[in-house]
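Colleague: Turn these sequences into a full structure, and let the hints steer you where they fit.
Residue numbers (this note's numbering), protein chains in the order written: chain A, 1 to 325; chain B, 1 to 427.
In case anyone wonders, no lab produced these hints; they're calculated from the structure. We put the beta carbon where it would ideally sit given N, CA and C, even for glycine. Just to be clear, a hint being listed does not mean it is correct.
Rough simulated footprint, nothing fancy, chain A against chain B, three-plus residues with beta-carbon under 8 Å [claimed, not checked]: (1) 142-155; (2) 182-195.
Which chain A residues face chain B? A few, computed with CB under 7 Å, are given here [claimed, not checked]: (3) S108; (4) A110; (5) W129; (6) H130; (7) P186; (8) T188; (9) A193.
For reference, the chains in residue letters:
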Amino acid sequence: MKHLLSIDELTTEELEELLRITPSFAEVASRRIAKVPALRGQTVATLFYEDSTRTRLSFEVAAKRLSADVLNVSVASSSVNKGESLRDTAETIEAMGIDAVVVRHASSGAPWQLTKWLDASVINAGDGWHQHPTQALLDCFTLQQELGDLTDRHIAIVGDIKHSRVARSDVGAFTRLGATVTLVAPPTLLPPAIETWPVKVSHELDSVLDDVDAVYLLRMQKERMGEALVPDLREYTALYGLTAARATRLGPTIPIMHPGPMNRGVEIAADVPDLDQVVVVDQVRNGVAVRMAALFMLLGSGAGAVPLAQPDQVAEVSESEAVSV
Amino acid sequence: MSVPTDHFRIRGATLLDAAGSRVEDLGIADGRIVPVDELDVQAIEIDATDCLVSTGLVDLKAHLGEPGDEAAETMASGGEAAVLGGYTTVLAMPDTHPPVDTAAVVEHIRMLGASALCGVEVAGTVTVGAAGERLAPLAELAQAGVRFVTDCGAGVQDPLLLRRALEYAKPLGLTIAQAADCVPLSRGTHMHEGEWSSRLGLAGAPAEAEEINVMRDISLVRLTGGRLHFQTLSAAGSFAIVSAAAQSGLPISSSVTTHHLRLCDADLAGYDTCLKVTPPLRAAGDARAAMSAVAAGRVDVIVSDHRPHTTDRKERPFDHAATGSVGLETSLAAALCSGIDHSTVLRAMSWRPAQLVGLGDPETRSLRPGAPADIVIIDPTETWTVSTASMATLGTNSAFEGTELTGRVRSTFVGGRLVVDQGKVAA
Chain A
1 MKHLLSIDEL TTEELEELLR ITPSFAEVAS RRIAKVPALR GQTVATLFYE
51 DSTRTRLSFE VAAKRLSADV LNVSVASSSV NKGESLRDTA ETIEAMGIDA
101 VVVRHASSGA PWQLTKWLDA SVINAGDGWH QHPTQALLDC FTLQQELGDL
151 TDRHIAIVGD IKHSRVARSD VGAFTRLGAT VTLVAPPTLL PPAIETWPVK
201 VSHELDSVLD DVDAVYLLRM QKERMGEALV PDLREYTALY GLTAARATRL
251 GPTIPIMHPG PMNRGVEIAA DVPDLDQVVV VDQVRNGVAV RMAALFMLLG
301 SGAGAVPLAQ PDQVAEVSES EAVSV
Chain B
1 MSVPTDHFRI RGATLLDAAG SRVEDLGIAD GRIVPVDELD VQAIEIDATD
51 CLVSTGLVDL KAHLGEPGDE AAETMASGGE AAVLGGYTTV LAMPDTHPPV
101 DTAAVVEHIR MLGASALCGV EVAGTVTVGA AGERLAPLAE LAQAGVRFVT
151 DCGAGVQDPL LLRRALEYAK PLGLTIAQAA DCVPLSRGTH MHEGEWSSRL
201 GLAGAPAEAE EINVMRDISL VRLTGGRLHF QTLSAAGSFA IVSAAAQSGL
251 PISSSVTTHH LRLCDADLAG YDTCLKVTPP LRAAGDARAA MSAVAAGRVD
301 VIVSDHRPHT TDRKERPFDH AATGSVGLET SLAAALCSGI DHSTVLRAMS
351 WRPAQLVGLG DPETRSLRPG APADIVIIDP TETWTVSTAS MATLGTNSAF
401 EGTELTGRVR STFVGGRLVV DQGKVAA
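Modeller: Put into structure tokens, the structure is as follows:
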């Protein structure tokens, strides 16, 4: 495995292996000195063309816990003009001898284009509306913690599917693991040719809630109002928001997920995030572990083959080597 | 001493024109086709056994860079690309800097076009600056010899302005040419809307954005009686609508590019920006519909829609990359090896566009003695791999880069002058 670009490009074996080795990296995080030398001497660059404190931080922590050196290449949003050549950036990074580039870009496909000009591994940390594979991995891992095997489990993904790289990635990953996915959204927020996706579709959240094992809410962006996709946020919340009443109807055991950051009062009522069944914090925590697993699989001793987490590589570093992260 | 270079005897080829095909030697002297027994004894012999000879190709849509975008193409480089692709006349699109909206600019383009190896016909704009707000001086353009006017891009959007243009242009003998694209439905999109745009997370334009304006423009032709040419149709529905309207006798014609015949939206899976074109590559079913429309003669013309770009304009994220592909050097081969029969391809690339742009009917512009010696010799069996690095165009953006095509131009004569010899520009 050279790059991690999309869920679709992972084999089912690679997907399952990543999820299988993730707990050993989660265990590292729970140690007093949360650091192992697996990627010592390797350099990981985060190249974010779009602001995302959470995802960048998560990758940075993951790389540092594996003892990789981390460079945060800041591409200030103000300086990203439309004439920017991706190739120039790629060649600059290449010249610095970076082993892996974690890229976030507002344009779908940008990570694919970078692979043409880079020898380094490319990890897609979100491209446009397209893919966000490590988000899907952490969502799968979190769901498995909550539900066990996902075979024949029913997951509802609610909200702006059309513009969501999270939905595109999650649908691929959840269905690959045997789950049934229902997308819940008004027709204007569904992608075209939705009948070609391996999902069920509903325009009525209330009719779906009685029959789900997990609910995944997507962030509703205010910009969508200006594009005549939804008349107004109040109507959206009334029809598709997880109100307190709907949360009650769901019952206390059904996990509620969200990729963050949440718009309290829009897709989720103000008090709902505080319920025990909301696993948003677990998602964030698991994000570090799956990103460690992904970096290890691409750059660690097992790179190139389906790796097993070797005990010696997950051994603790001595206290003198430890650097707090 | 000019005799030896002006007299040619083409031996052994299959001559193909609107009158049919025949194996016969062809004589060229003093810019015209002549009976072989009138040739000078020193005439240069060209062995064209197993080759096809046709009247030169005519391109109704090429962007030649000059003036204003000389980094991407010049008349000299674009002209070389044209003759290497078998074109003897190219209609230069008017979206230059400055745009071709006055007779003075027409004259300037003619002057620049003199440095091209092919003939350059000049198209004008429909509206001033192609801005879509008020009519360009269409009578002045017509007097300067312009036959086609087009605003390029998405075409004239305002239906009232298009109505006026069709009415005003009618007695001037002008054809209004435009792409059909309803901008409110396609604004901000980067590919065809469908299964692939859904998967790739790119904003897509539905085929209906094209079909709606095809229907609208046909209605306005019916209202005004003005002549309209639909440039680069791409949607299955458009071909059906246009062919029904043309059969009812309306003065409309249409064209398609070879990349819309041969490629589709699924080819964008790797985000190759050279496949970002306007209109976008449609679904596989649309490409099949385009192919059968051409094969059945329901599309008049195959155009190159040659649109050269410098490398940096394509090395951007897909949604910010420039749109368009070069095409002058690949269109004939891409059409010849598509499975459509050769005479249909040549009708769409030579006889019919020549007629539409006023170069003559198939009866006068033929391979018979007396006709002008704009001629192409084609080896329909040569297989080659497309590489912009070895092509004459300065553009580096070919939708067919790396593709193997069969069929190649061996020689091209423009006005009796041998400008391509053995597949290379003649010294």
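Colleague: State for each hint whether it applies.
Modeller: Quick rundown of the hints versus the structure:
Taking a C-beta to C-beta cut-off of 8 Å, the region 142-155 of chain B contributes 0 residues in contact with chain A, too few for the three needed, and the coverage statement is violated. Only residues whose C-beta sits within less than 8 Å of a C-beta in chain A count toward coverage, and the region 182-195 of chain B has 3 of them, enough to reach three; the restraint holds. Taken as an interface hint, S108/A checks out: its beta carbon lies about 4 Å from the nearest beta carbon of chain B, inside 7 Å. Interface hint status for A110/A: upheld, as the beta-carbon distance to the closest one in chain B is roughly 5 Å, under 7 Å.
A cut of 7 Å between beta carbons decides the hint on W129/A: the least distance to chain B is about 4 Å, and the hint holds. Interface restraint check: H130/A against chain B, minimum CB-CB distance 3 Å, threshold 7 Å, status holds. Given hint, P186/A at the interface with chain B, is violated; its Cβ is 16 Å from that chain's nearest Cβ, farther than 7 Å. Violation of the interface hint for T188/A is found here, the shortest Cβ-Cβ separation to chain B being roughly 14 Å, above the 7 Å cut-off.
This hint holds: A193/A has a C-beta 4 Å from the nearest C-beta of chain B, less than the 7 Å allowed.
In summary, the structure is inconsistent with hints 1, 7 and 8 from the numbered list given earlier, while agreeing with the others.
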